[in-house]
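Go ahead and model the full structure; you've got the sequences and the hints to work with.
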Amino acid sequence: MPIARPEPQNARVIAHVDMDCFYVQVEQRKNPELRGLPTAVVQYNSWKGGGLIAVGYEARKFGVKRSMRGDEAKRICPNIQLIQVPVARGKADLNLYRNAGSEVVSILATKGRCERASIDEVYLDLTDAAEMMLSETPPEVLEEIDEEVLKSHVLGLHVEGNEREENVKEWLRQSDADHQDKLLACGAIIVEQLRMKVLYETKFTCSAGIAHNKMLAKLASAMHKPAQQTVVPSSSVKDLLASLPVKKMKQLGGKLGSSLQTDLGVNTIGDLLQFSQEKLQEHYGVNTGTWLWNISRGISGDAVVDRLLPKSHGCGKTFPGPQALKTIASVENWVNQLCDELSDRIQSDLDQNRRIAHTLTLHARAFKENDMEPQRKFPSKSCPLRYGTAKIQEDAVKLFDSGLRDFLGSQHIGWGITSLSIAASKISDLPQGTCSILKFLQGKIPSSTSLSGAGEFHNESLPLSSTVMDQEIKQKALASEAASNDIDIIFQAKPLKRIGSSVGKTKDVRKSSILKFFQSSNSSFHTMNQACERSSLDQASSSSFPECEEHSDLEQIDEQVGFSEDRIDSDGHHNQTRNGYTWGINMENIDPSVLDELPMEIQREIREWFHPPKRANTSRKGSSIVHYFSPVKKG
DNA sequence: ACGGTTAAAACT
DNA sequence: TAGTTTTAA
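With the first letter of the first sequence counted as 1, position 183 gets the number 183 in the working numbering; the numbers rise by one all the way through.
The reader is advised that the hints may include incorrect statements.
Distance condition first, Cα-Cα at most 16 angstroms in a straight line; then the derived EDC-like pairs of lysine to aspartate or glutamate [as the list claims (entries may be wrong)]: (1) K250 with E166; (2) K326 with D263; (3) K151 with E166; (4) K247 with D263; (5) K398 with D349; (6) K151 with E163; (7) K377 with D401; (8) K279 with D263; (9) K238 with D271; (10) K111 with E131; (11) K317 with E332; (12) K61 with E72; (13) K317 with D340; (14) K91 with D340; (15) K169 with E148; (16) K225 with D20; (17) K48 with D71; (18) K169 with D181; (19) K169 with D146; (20) K311 with E121; (21) K426 with D349; (22) K169 with E147; (23) K197 with D146; (24) K111 with D128.
Derived by calculation from the structure, the hints in this document are not laboratory data.
Here it is, written out as structure tokens:
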């Protein structure tokens with residue numbers, strides 16, 4: 001449900017940029033002969049001509065709609081060019097469009113805070129850029145305003161024909177306007193420049209809305225398409241919302257919107273104005289009620305979040321009707337295909353963006369034969385994500401098996417799978433100074449200037465030879481790297497917060513893991529510019545890990561890693577920090593198979609420290625050998 | 001048999 | 001909280 005956020009005091013300039021029939025444009029750029037022709041992008045051509053997922057504007061004139069079948073579109077518009085989505089691994093492959101979306105984002109992100117809202121939409125916070133323009137070269141002093149900007153639509157400025165552009169020009173340049181409108185005028189100029197830049201550099205057109213918040217900007221971007229932009233001055237908001245059907249508002253397209261109509265008799269957003277905040281809260285709870293009250297007044301304080309990349313990666317496929325999968329072997333086959341794609345995508349994300357995913361989730365839809373009971377849903381299952389295609393496949397298959405057992409219970413009857421999907425989520429940035437253990441052993445340690453400043457922590461100051469890490473491990477690891485690219489133990493950072501609140505047996509495992517790890521790897525800490533997060537250990541020793549108190553090692557560790565400055569953070573926790581950073585190590589996502597690469601006796605020793613994690617098919621998840629570790633900056 | 005994704009809130 | 005379900009676009 002929507003959450004209400006108060007509008008920030010000062011007027012913001014927010015833009016929503018939406019690519020016009022994006023997939024079609026991508027295909028038309030790839031094959032320019034399609035330009036100007038009625039075109040649609042379709043997937044799975046075999047059944048009734050496939051399903052349309054994007055329709056060009058020429059084809060829309062014929063009444064062709066998204067979600068029509070290819071055959072149907074052909075009937076309405078015989079000349080339509082149906083372009084198939086690329087297929088890889090037996091399924092639709094959207095990478096072409098994802099990459100095209102990234103091209104656009106990288107251009108749009110240059111003028112202010114940018115939030116990638118979907119593959120073809122972004123929000124921009126242009127407040128600073130607009131304020132800057134207003135103070136340096138406000139529209140009113142400009143000799144000429146770009147002709148393209150004059151094509152903007154300004155809500156509430158109702159003059160058509162020849163005079164339209166003159167009026168827009170006048171509106172943009174009006175010197176008697178209030179500060180808010182002037183800012184929007186600057187925003188319109190900036191957005192037009194950005195859209196031109198997108199067009200020149202990518203050949204894609206887009207539409208945009210410019211307003212004081214995300215909600216209004218989003219509404220506006222859809223009002224004049226394609227390749228146009230719409231400005232929403234504050235003075236136009238009331239009229240705009242008064243006649244806006246509730247379903248047009250983001251978040252009200254589904255059940256909540258229906259309920260508004262049937263339960264409250266509200267047909268337009270403006271109709272909401274007659275209800276008190278309390279009344280709306282009675283019906284829909286505090287959050288949603290307040291949110292409704294706010295949006296009916298054009299208030300929406302959501303910030304534009306600075307995020308250019310997606311928060312998860314997923315892929316899936318449906319197996320409708322007769323295609324349903326009925327054997328374990330066929331399911332495994334498809335799970336493997338999906339994992340193959342997912343593995344590629346998270347690997348690129350790691351290589352290109354230095355981001356790492358922590359959770360693997362599998363979803364499926366299933367039916368039982370001769371089962372009249374309310375169709376119980378196939379449960380989604382997740383487990384820690386291990387990198388490497390084979391490992392992902394292994395884990396995903398286990399997740400499926402576990403899900404299937406839950407789904408079937410004790411019944412021994414026929415089943416079928418009608419959809420499968422997997423996702424990699426909980427993605428975090430790999431901090432500066434992080435590197436794979438192989439690179440570490442090879443001496444290819446990433447420079448960590450942003451984290452250094454503490455002389456004794458400099459990589460250069462401790463030559464690799466000074467590490468006490470067993471020479472044999474080093475040799476073997478280097479040798480195994482020649483044989484396999486698959487072992488890539490990445491040291492990763494994560495604050496240890498959760499350890500203190502873990503329940504059950506795992507905490508003992510983790511505690512000993514921490515201590516043993518420190519005892520055995522102190523020197524690599526120094527070399528790798530890493531240390532432990534003291535606050536977590538404090539927490540651990542004081543509450544959840546009483547056993548820790550018996551270990552005097554902690555102080556020794558502190559000395560070795562060089563903790564010095566004390567700090568009380570906002571939660572009142574006592575942290576030890578260094579150069580403004582709090583250091584942490586991650587105890588999650590342990591991959592037992594990394595041990596296989598090490599000499600036997602080392603393996604044995606390590607196995608004593610850690611219980612091998614059971615994954616995917618048990619209720620115990622996410623334990624317990626150190627897979628990743630590195631420093632992390634704490635907010 | 002409105003598909004393939006992505007995101008985020010609610011629920012537990 | 002972590003994991004799962006639901007809702008929406």
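Structure-based check of all given hints:
no.: 1; hint: K250 with E166; in the structure: violated, 33 angstroms
no.: 2; hint: K326 with D263; in the structure: violated, 43 angstroms
no.: 3; hint: K151 with E166; in the structure: holds, 10 angstroms
no.: 4; hint: K247 with D263; in the structure: holds, 15 angstroms
no.: 5; hint: K398 with D349; in the structure: violated, 25 angstroms
no.: 6; hint: K151 with E163; in the structure: holds, 12 angstroms
no.: 7; hint: K377 with D401; in the structure: holds, 15 angstroms
no.: 8; hint: K279 with D263; in the structure: holds, 12 angstroms
no.: 9; hint: K238 with D271; in the structure: holds, 11 angstroms
no.: 10; hint: K111 with E131; in the structure: holds, 12 angstroms
no.: 11; hint: K317 with E332; in the structure: holds, 13 angstroms
no.: 12; hint: K61 with E72; in the structure: holds, 15 angstroms
no.: 13; hint: K317 with D340; in the structure: holds, 13 angstroms
no.: 14; hint: K91 with D340; in the structure: holds, 12 angstroms
no.: 15; hint: K169 with E148; in the structure: holds, 11 angstroms
no.: 16; hint: K225 with D20; in the structure: holds, 7 angstroms
no.: 17; hint: K48 with D71; in the structure: holds, 6 angstroms
no.: 18; hint: K169 with D181; in the structure: holds, 13 angstroms
no.: 19; hint: K169 with D146; in the structure: holds, 10 angstroms
no.: 20; hint: K311 with E121; in the structure: holds, 15 angstroms
no.: 21; hint: K426 with D349; in the structure: holds, 13 angstroms
no.: 22; hint: K169 with E147; in the structure: holds, 9 angstroms
no.: 23; hint: K197 with D146; in the structure: holds, 14 angstroms
no.: 24; hint: K111 with D128; in the structure: holds, 9 angstroms
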